[in-house]
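K.L.:
Chains P and E, in that order, are what the protein sequence lines are. For the first sequence, the numbering used here assigns the number 1 to the initial residue and increments by one for each residue that follows. For the second sequence, the numbering used here assigns the number 114 to the initial residue and increments by one for each residue that follows.
Hints were generated in silico from the structure; no laboratory data involved. Watch out, some of these pointers could steer you wrong.
Selected chain E positions facing chain P (in silico; Cβ < 7 Å) [unchecked claim]: (1) Gln158; (2) Gly208; (3) Gly209; (4) Pro211; (5) Phe216; (6) Gly219.
Below 16 Å or equal to it, Euclidean Cα-Cα: the simulated EDC-like pairs (lysine to aspartate or glutamate) are [to be verified]: (7) P/Lys105 <-> E/Glu192; (8) P/Lys112 <-> P/Asp66; (9) P/Lys108 <-> E/Asp151; (10) P/Lys56 <-> E/Asp212; (11) E/Lys131 <-> E/Asp172; (12) E/Lys182 <-> E/Asp169; (13) E/Lys178 <-> E/Glu192; (14) P/Lys112 <-> P/Glu15; (15) E/Lys170 <-> P/Asp30; (16) P/Lys41 <-> E/Asp151; (17) P/Lys3 <-> P/Asp30; (18) P/Lys108 <-> P/Glu1; (19) P/Lys68 <-> P/Glu44; (20) P/Lys108 <-> P/Glu5; (21) P/Lys3 <-> E/Asp172; (22) P/Lys41 <-> P/Glu15; (23) E/Lys182 <-> E/Asp151; (24) P/Lys108 <-> P/Glu44; (25) E/Lys130 <-> E/Asp172; (26) P/Lys105 <-> P/Glu15; (27) P/Lys105 <-> E/Asp172.
Built from N, CA and C at the ideal position, the CB exists for glycine as well.
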Amino acid sequence: ELKVEQNPLFLSMQEGKNYTIYCNYSTTSDRLYWYRQDPGKSLESLFVLLSNGAVKQEGRLMASLDTKARLSTLHITAAVHDLSATYFCAGRNYGGSQGNLIFGKGTKLSVKP
Amino acid sequence: EAQVTQNPRYLITVTGKKLTVTCSQNMNHEYMSWYRQDPGLGLRQIYYSMNVEVTDKGDVPEGYKVSRKEKRNFPLILESPSPNQTSLYFCASSGGGPDTQYFGPGTRLTVL
Numbered sequence: 001e002l003k004v005e006q007n008p009l010f011l012s013m014q015e016g017k018n019y020t021i022y023c024n025y026s027t028t029s030d031r032l033y034w035y036r037q038d039p040g041k042s043l044e045s046l047f048v049l050l051s052n053g054a055v056k057q058e059g060r061l062m063a064s065l066d067t068k069a070r071l072s073t074l075h076i077t078a079a080v081h082d083l084s085a086t087y088f089c090a091g092r093n094y095g096g097s098q099g100n101l102i103f104g105k106g107t108k109l110s111v112k113p
Numbered sequence: 114e115a116q117v118t119q120n121p122r123y124l125i126t127v128t129g130k131k132l133t134v135t136c137s138q139n140m141n142h143e144y145m146s147w148y149r150q151d152p153g154l155g156l157r158q159i160y161y162s163m164n165v166e167v168t169d170k171g172d173v174p175e176g177y178k179v180s181r182k183e184k185r186n187f188p189l190i191l192e193s194p195s196p197n198q199t200s201l202y203f204c205a206s207s208g209g210g211p212d213t214q215y216f217g218p219g220t221r222l223t224v225l
């Protein structure tokens with residue numbers, strides 16, 4: 001059964017700094033998802049990573065996938081306060097039912113001036 | 114406007130009183146899903162539907178029922194709610210599988 005682990009769970013950053021959130025998963029997952037949740041709000045889909053070596057970027061966020069290492073990363077470049085949110089990764093059970101998603105516990109990011 | 118709506122947004126009820134949380138989307142999406150969010154546990158999938166009349170269990174289906182009679186609606190039914198179902202519930206939809214999901218605003222349920 002697929003398990004998804006994120007770290008760190010809490011991250012306090014200074015504006016302008018770079019950092020990376022890690023998402024490890026336990027068994028084969030044929031795709032990896034990243035989501036953002038602002039405090040008190042719903043979730044927003046950020047990235048869908050479909051294959052080994054996939055890289056997606058939007059603004060200061062860049063996500064990548066290494067299926068051999070069973071690792072996805074979300075890299076934050078030159079953080080700004082607006083990026084403060086909780087970020088979740090999720091994997092899809094490969095070979096299982098196509099709609100079953102397993103989420104990590106989330107990384108709560110706080111960007112301070 | 115493309116959206117996923119949930120009703121009610123807030124609900125306080127008592128143990129054992131049947132309730133339904135509605136979810137509707139106007140994007141003609143095939144895939145719909147229900148999640149619950151609890152502090153420290155992240156999101157967990159309850160049920161999902163790949164299309165009309167096709168539903169399947171997620172990770173925490175116990176105590177919940179769903180149906181998908183029309184493409185736009187995917188209600189979540191709690192036949193006999195218990196306090197451990199107190200949670201924040203999200204419905205989501207996407208076209209052709211769980212990629213790029215659109216989430217509803219959430220329903221905060223308290224079971225006393």
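K.L.:
Are the hints correct? Go through all of them and say.
P.N.:
Evaluated hints:
1. For E/Gln158, the interface hint holds, the least distance from its beta-carbon to any beta-carbon of chain P being 6 Å, beneath 7 Å.
2. Of the supplied interface hints, the one on E/Gly208 is violated, with its beta-carbon coming no nearer than about 12 Å to a beta-carbon of chain P, more than 7 Å.
3. Restraint check, E/Gly209 versus chain P: the minimum CB separation of about 10 Å is more than 7 Å; hint violated.
4. Of the supplied interface hints, the one on E/Pro211 holds, with its beta-carbon coming within about 6 Å of a beta-carbon of chain P, less than 7 Å.
5. Annotation: E/Phe216 was flagged as interfacial toward chain P, and the flag holds, the nearest CB pair being 5 Å apart, inside 7 Å.
6. With a least beta-carbon distance of about 5 Å to chain P, the hint placing E/Gly219 at the interface is held under the 7 Å criterion.
7. At most 16 Å may separate the alpha-carbon atoms for a hinted pair to count; P/Lys105 and E/Glu192 exceed this at roughly 28 Å.
8. Annotation: proposed proximity of P/Lys112 to P/Asp66 is violated, straight-line Cα distance about 30 Å (limit 16 Å).
9. Using a Cα cut-off of 16 Å, the hinted pair P/Lys108 and E/Asp151 holds, with the two alpha carbons roughly 14 Å apart.
10. With a C-alpha separation of about 14 Å, the suggested pairing of P/Lys56 with E/Asp212 holds against the 16 Å cut-off.
11. The straight-line distance between the Cα atoms of E/Lys131 and E/Asp172 is roughly 22 Å, outside the 16 Å bound, and the hint therefore fails.
12. With a CA separation close to 14 Å, the supplied pair E/Lys182 and E/Asp169 stays within the 16 Å bound.
13. About 8 Å separates the Cα atoms of E/Lys178 and E/Glu192, which keeps this hinted pair within 16 Å; it holds.
14. In summary, the hint linking P/Lys112 to P/Glu15 is supported, as the alpha carbons are separated by about 6 Å, within the 16 Å threshold.
15. At most 16 Å may separate the alpha-carbon atoms for a hinted pair to count; E/Lys170 and P/Asp30 exceed this at roughly 19 Å.
16. For the suggested pair P/Lys41 and E/Asp151, the alpha carbons sit about 14 Å apart, so the restraint of at most 16 Å is met.
17. The suggested pairing of P/Lys3 with P/Asp30 holds, with an alpha-carbon distance near 13 Å, which does not exceed 16 Å.
18. Restraint check for P/Lys108 and P/Glu1: not satisfied, since their Cα atoms lie roughly 25 Å apart, outside the 16 Å limit.
19. Proximity of P/Lys68 to P/Glu44 is assessed by CA-CA distance (about 27 Å); at most 16 Å being required, the pair is judged violated.
20. Simply put, P/Lys108 and P/Glu5 have alpha-carbon atoms about 14 Å apart, close enough for the 16 Å limit, and the pair holds.
21. Proximity of P/Lys3 to E/Asp172 is assessed by CA-CA distance (about 11 Å); at most 16 Å being required, the pair is judged to hold.
22. Pair hint P/Lys41 plus P/Glu15 does not hold up; C-alpha atoms about 23 Å apart against a cutoff of 16 Å.
23. Between the alpha carbons of E/Lys182 and E/Asp151 the distance comes to roughly 29 Å, so the proposed pair goes past 16 Å and is violated.
24. A C-alpha spacing of about 15 Å is found between P/Lys108 and P/Glu44, which places the hinted pair at or below 16 Å, so the restraint holds.
25. Pair hint E/Lys130 plus E/Asp172 does not hold up; C-alpha atoms about 24 Å apart against a cutoff of 16 Å.
26. For the hint linking P/Lys105 to P/Glu15, the alpha-carbon distance of about 24 Å lies beyond 16 Å, and the restraint is violated.
27. Straight-line distance between C-alpha atoms of P/Lys105 and E/Asp172 comes to about 14 Å, which keeps the hinted pair within the 16 Å bound.
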